[in-house]
Amino acid sequence: MKILVCMKQVPQKDAPLKLNEGGTWIREDVSYEVNEPDAYALEEALRQKEKHGGEVVVITAGPARAQQVLREGLAKGADRAIHLDDNAFVGMDAMNISKAFVAAIKDDKFDLIFTGLQSDDYGYAQTGVIMAELLGWPHATIIMEIQKSDGGIKVKRELESGFFQHVGMPLPAVLTIQSGINKLRYATLLGIKQAKNKPLRKVTLDEVKSSLSDNMQKVEKLYIPQKSKKTEMLEGSPAEVAKKLVEKLRNEVRVI
Amino acid sequence: MPAFKFRGVDFIELDSLMSDDERLVRDTARRFVEENLVPIIEQCNREGRFPRELVSPMADLGFFGANLQGYGCAGMSNVEYGLVMQELERGDSGIRSFCSVQSSLVMFPIYALGSEEQKEKWLPTMAKGEKIGCFGLTEPDFGSNPSGMRTRAKKVGNEYVLNGEKMWITSGSIADVAVVWAKSEADNDRIRGFLVETNRPGFKASDVHGKWSLRASVTSGLSLQDVHIPAENVLPKSDGLKSPLMCLNQARFGIGFGAIGAAMSCYDTALQYSKLRKQFRDQPIASHQLVQEKLAWMITEITKAQLLALQVGRLKDAGKVQHQHISMAKRNNVWMALECARMARDILGGNGIADDYPVIRHMMNLESVKTYEGTHDIHALIIGENVTGISAF
Numbered sequence: 205m206k207i208l209v210c211m212k213q214v215p216q217k218d219a220p221l222k223l224n225e226g227g228t229w230i231r232e233d234v235s236y237e238v239n240e241p242d243a244y245a246l247e248e249a250l251r252q253k254e255k256h257g258g259e260v261v262v263i264t265a266g267p268a269r270a271q272q273v274l275r276e277g278l279a280k281g282a283d284r285a286i287h288l289d290d291n292a293f294v295g296m297d298a299m300n301i302s303k304a305f306v307a308a309i310k311d312d313k314f315d316l317i318f319t320g321l322q323s324d325d326y327g328y329a330q331t332g333v334i335m336a337e338l339l340g341w342p343h344a345t346i347i348m349e350i351q352k353s354d355g356g357i358k359v360k361r362e363l364e365s366g367f368f369q370h371v372g373m374p375l376p377a378v379l380t381i382q383s384g385i386n387k388l389r390y391a392t393l394l395g396i397k398q399a400k401n402k403p404l405r406k407v408t409l410d411e412v413k414s415s416l417s418d419n420m421q422k423v424e425k426l427y428i429p430q431k432s433k434k435t436e437m438l439e440g441s442p443a444e445v446a447k448k449l450v451e452k453l454r455n456e457v458r459v460i
Numbered sequence: 465m466p467a468f469k470f471r472g473v474d475f476i477e478l479d480s481l482m483s484d485d486e487r488l489v490r491d492t493a494r495r496f497v498e499e500n501l502v503p504i505i506e507q508c509n510r511e512g513r514f515p516r517e518l519v520s521p522m523a524d525l526g527f528f529g530a531n532l533q534g535y536g537c538a539g540m541s542n543v544e545y546g547l548v549m550q551e552l553e554r555g556d557s558g559i560r561s562f563c564s565v566q567s568s569l570v571m572f573p574i575y576a577l578g579s580e581e582q583k584e585k586w587l588p589t590m591a592k593g594e595k596i597g598c599f600g601l602t603e604p605d606f607g608s609n610p611s612g613m614r615t616r617a618k619k620v621g622n623e624y625v626l627n628g629e630k631m632w633i634t635s636g637s638i639a640d641v642a643v644v645w646a647k648s649e650a651d652n653d654r655i656r657g658f659l660v661e662t663n664r665p666g667f668k669a670s671d672v673h674g675k676w677s678l679r680a681s682v683t684s685g686l687s688l689q690d691v692h693i694p695a696e697n698v699l700p701k702s703d704g705l706k707s708p709l710m711c712l713n714q715a716r717f718g719i720g721f722g723a724i725g726a727a728m729s730c731y732d733t734a735l736q737y738s739k740l741r742k743q744f745r746d747q748p749i750a751s752h753q754l755v756q757e758k759l760a761w762m763i764t765e766i767t768k769a770q771l772l773a774l775q776v777g778r779l780k781d782a783g784k785v786q787h788q789h790i791s792m793a794k795r796n797n798v799w800m801a802l803e804c805a806r807m808a809r810d811i812l813g814g815n816g817i818a819d820d821y822p823v824i825r826h827m828m829n830l831e832s833v834k835t836y837e838g839t840h841d842i843h844a845l846i847i848g849e850n851v852t853g854i855s856a857f
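Just so you know, the sequences run in chain order A and B.
Numbering-wise (my numbering), the first sequence opens with residue 205 and increments by one.
Numbering-wise (my numbering), the second sequence opens with residue 465 and increments by one.
Honestly, the hints are just simulated from the structure, not real lab data.
No false leads were slipped in.
Heads up, simulated DSS-like pairs for lysine-lysine below, C-alpha to C-alpha not over 27 Å straight-line: (1) Lys784/B - Lys400/A; (2) Lys434/A - Lys739/B; (3) Lys583/B - Lys595/B; (4) Lys222/A - Lys742/B; (5) Lys592/B - Lys253/A; (6) Lys585/B - Lys397/A.
Between beta-carbon pairs, the in silico distance windows are: (7) Phe368/A - Glu499/B: 21 to 29 Å; (8) Ser670/B - Phe368/A: 56 to 64 Å; (9) Phe468/B - Ala268/A: 26 to 34 Å.
Computed from a predicted model, the values in this text were never measured in an experiment.
Ideal Cβ placement from N, Cα and C applies to all residues, glycine included.
Let the sequences and hints guide you as you build the complete structure.
Following this line, the structure appears as structure tokens:
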């Protein structure tokens, strides 16, 4: 199986949040890491390759710093990488990123495309789904398990309230992978060294520009929530106060 | 689990001085330590237990002999090796010590001074963590002055017979092989290195008990009484005191990086604690000038230490490093780390003495690190000799 894994570089979860001057996004000088859901997508792809053979290719879009996520992918065992290398990809919405990815892989023939369930920064959870639409492929989201079947795959999806759904689908297909479904491997030191010799193809903005359109989504304002304190006195007899308190805890604060 | 999650320490965008691969090596080691060592280290420290279960996972990641080429070793740069040491010591100096000894004091001398047969026999299995090594130089009466050692090797036929005592030997009683330094009668009493399998008759290792430092690593005394080893167990290229000192240089380099890890752990703990702990007018103690001065001192010294270690690493990778450079990194960075541990303990107040926080453990560990691998003062003499041209030993 030939699997493409879409990976994103996102600001580190634990890093202190620094907003840019316009309050529209995060400042450049924070630490970055691999989007955690994408790390699970990569892990699942590597496991599928170990079981069935084939090739794992990692792709990302972003400035030079974003190459780190590809290096990590290669060090963990991906065979080659594709880097859509431009600052302009940072502000693009999921529609344009999907269009750019699809344009960049037009000469490749993948059986599967994996993405993480969503990104830890924007949290749109759209890229995989839109790519499937653009390619005309079937897709399934929130994947817990993947098994090869005759002529396709069987997947297990996570639904709400502890329900699961089992879906059979043909290949090629796009899957968005749920986090925590496998144990992430480490990049070994030897793997990091060997990754230096693996192919990394750079794609410029110009190469995919004709496929892109205006952004359909834009972040207007980003802010750190203001902490506020409010005191409310409940009046009445103890029984009435207790009743009101329970109501508030149940309906407003929603802790019981 | 620890009270605070470690967040890294990078005040002046030092990451921008590192390559993608260097950062990836650092981040990999950091994640390994966070997930595997941090959750168990306080208990290990309490029990005085070396977490041997981590040897194999560390080997899988390529930590042992990481900066050696071939023989199953990862072939990392010296900076990358240093960053692994930093992250391990962010967890615990004892674990870093184990890795230093395995890599720099046993695998390195076999790599640099050993025969092809010795390299083939030991390096791949040591890289896999299947065999553990220890390094026997220090003796009960000879620490800073190893040239006075009493351990002797006498050549009898096609064998050497070793007699002597070694002390403060990391991993002594868990080792499969000891690199023992002894005066060789057949070489006019010049110091030479011998590979001694620890199951040979007459070899005995006894652990040092009652340690209040490096409690998560094994420290032993070695006794060699008429230990017969085949003549091919001598390290053929070992010749004089400079051979063990060459090995120590490797390990000291790793300590120069490692100590930064302990300091980062203490600083980060103190910083997070000071923002949560409230005293006077319900304000966090981080708002107090005296606390800020301590935090400012720590972050400044850590940053200077990072620059020093990185430059020494760059010199080492370029083949230009001198032993006095490594002495400066070891001396300054361990001293700085110990001061950070003490200041962090101050900021944590009473909580600083309990093992709910890593600070007191780092402080106790660093007391050893300040002394071993060339004491703080001996390194001052090495730097002093270099700048004046006059030996003061």
